[in-house]
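Heads up: the sequence lines are chains A and B, in that order.
Just add 177 to the spot in the first sequence (first one is 1) and you have the working numbering.
Just add 1 to the spot in the second sequence (first one is 1) and you have the working numbering.
Since the hints were derived computationally from the structure, they do not count as laboratory data.
Please read all numbers here as calculations on a predicted model, not as lab measurements.
Any given hint might turn out to be false.
[Unchecked claim] Here are a few chain A residues that face chain B, going by a calculated C-beta distance under 8 Å:
| hint | residue |
| --- | --- |
| 1 | Y209 |
| 2 | G220 |
| 3 | P221 |
| 4 | F223 |
| 5 | I227 |
| 6 | Q249 |
| 7 | L266 |
| 8 | L270 |
| 9 | T276 |
| 10 | K278 |
| 11 | L279 |
| 12 | F281 |
| 13 | Q283 |
| 14 | G284 |
Glycine residues also receive a C-beta, built at the ideal position from the N, C-alpha and C atoms.
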Amino acid sequence: SQKIEQNSEALNIQEGKTATLTCNYTNYSPAYLQWYRQDPGRGPVFLLLIRENEKEKRKERLKVTFDTTLKQSLFHITASQPADSATYLCAYLHGSSNTGKLIFGQGTTLQVKP
Amino acid sequence: DAGVIQSPRHEVTEMGQEVTLRCKPISGHDYLFWYRQTMMRGLELLIYFNNNVPIDDSGMPEDRFSAKMPNASFSTLKIQPSEPRDSAVYFCASTSPRLGGEQFFGPGTRLTVL
């Protein structure tokens, strides 16, 4: 069955360091992959989308890579801050359209310590 | 814009009772999604609509769950009869293809079935 996996263990890093989160998928080749941030008690908030023909996408301190050979996406936060502490979810779109069914990973909780 | 609106924010009910969750998508969005989030299963898509028509309901757990979208600005998710295992946070999200795939989530409804 189609699966998307994220490291279930929390990631603890020191302020100012780069946080790297991993997302692996199996039994599917998505055309689009997305990353969301979720704070406790709130709905997920969209951060970035990357297409299969894009190796890398950046937005301010965020960077996402998409390796279709390894079936993996990496999400980086550079110069991390305590305000970056949250759960980060990756998801891929099922189908060839940029709109439709999203399959989410379980999420990785990031804790940035001052 | 007020964003996606969900009501109620919290619902506590007893097993066997009918529960109705409500969602108002962002104006102009023609896709609406219902998700369920639990610690065990993460964030799962239950059903989604395009132009008020259900497109994919393969995530609906069983016949006790039903969803409707009578018009572009309102959708309901009904559980009848409710069971303790239905306890979860239910999110509604909306989007439009012109937005490039980003889904906008509501604040969620936390459902507890005793």
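Answer holds if the nearest beta-carbon of chain B is closer than 8 Å to that of I227 (chain A); otherwise answer violated. At about 10 Å, which exceeds the 8 Å cut-off, the nearest Cβ of chain B leaves the hint on I227 (chain A) violated.
Does Y209 (chain A) pass the interface check with chain B, least Cβ-Cβ distance below 8 Å? Holds, about 6 Å.
Any CB of chain B closer than 8 Å to the CB of Q283 (chain A)? Holds, about 4 Å.
Holds or violated: is the Cβ of T276 (chain A) closer than 8 Å to a Cβ in chain B? holds, 5 Å
Answer holds if the nearest beta-carbon of chain B is closer than 8 Å to that of Q249 (chain A); otherwise answer violated. At about 19 Å, which exceeds the 8 Å cut-off, the nearest Cβ of chain B leaves the hint on Q249 (chain A) violated.
Restraint: F281 (chain A) near chain B, CB-CB cut 8 Å. Satisfied or not? holds, 4 Å
Under the criterion of a CB-CB separation shorter than 8 Å, is G284 (chain A) in contact with chain B as hinted? Nearest chain B Cβ about 7 Å off; hint holds.
Satisfaction of the P221 (chain A) interface hint, Cβ to chain B closer than 8 Å: holds, 5 Å
Could you check if G220 (chain A) really has its C-beta closer than 8 Å to a C-beta on chain B? holds, 3 Å
Given K278 (chain A) as an interface hint, is the shortest Cβ-Cβ distance to chain B below 8 Å? holds, 6 Å
Should the interface hint for F223 (chain A) be scored as holding, given a Cβ-Cβ cut-off of 8 Å against chain B? holds, 4 Å
Do the numbers back the hint for L270 (chain A), that is, is its least Cβ distance to chain B under 8 Å? holds, 6 Å
Of the hints listed earlier, those the structure fails to meet are numbers 5, 6, in rising order.
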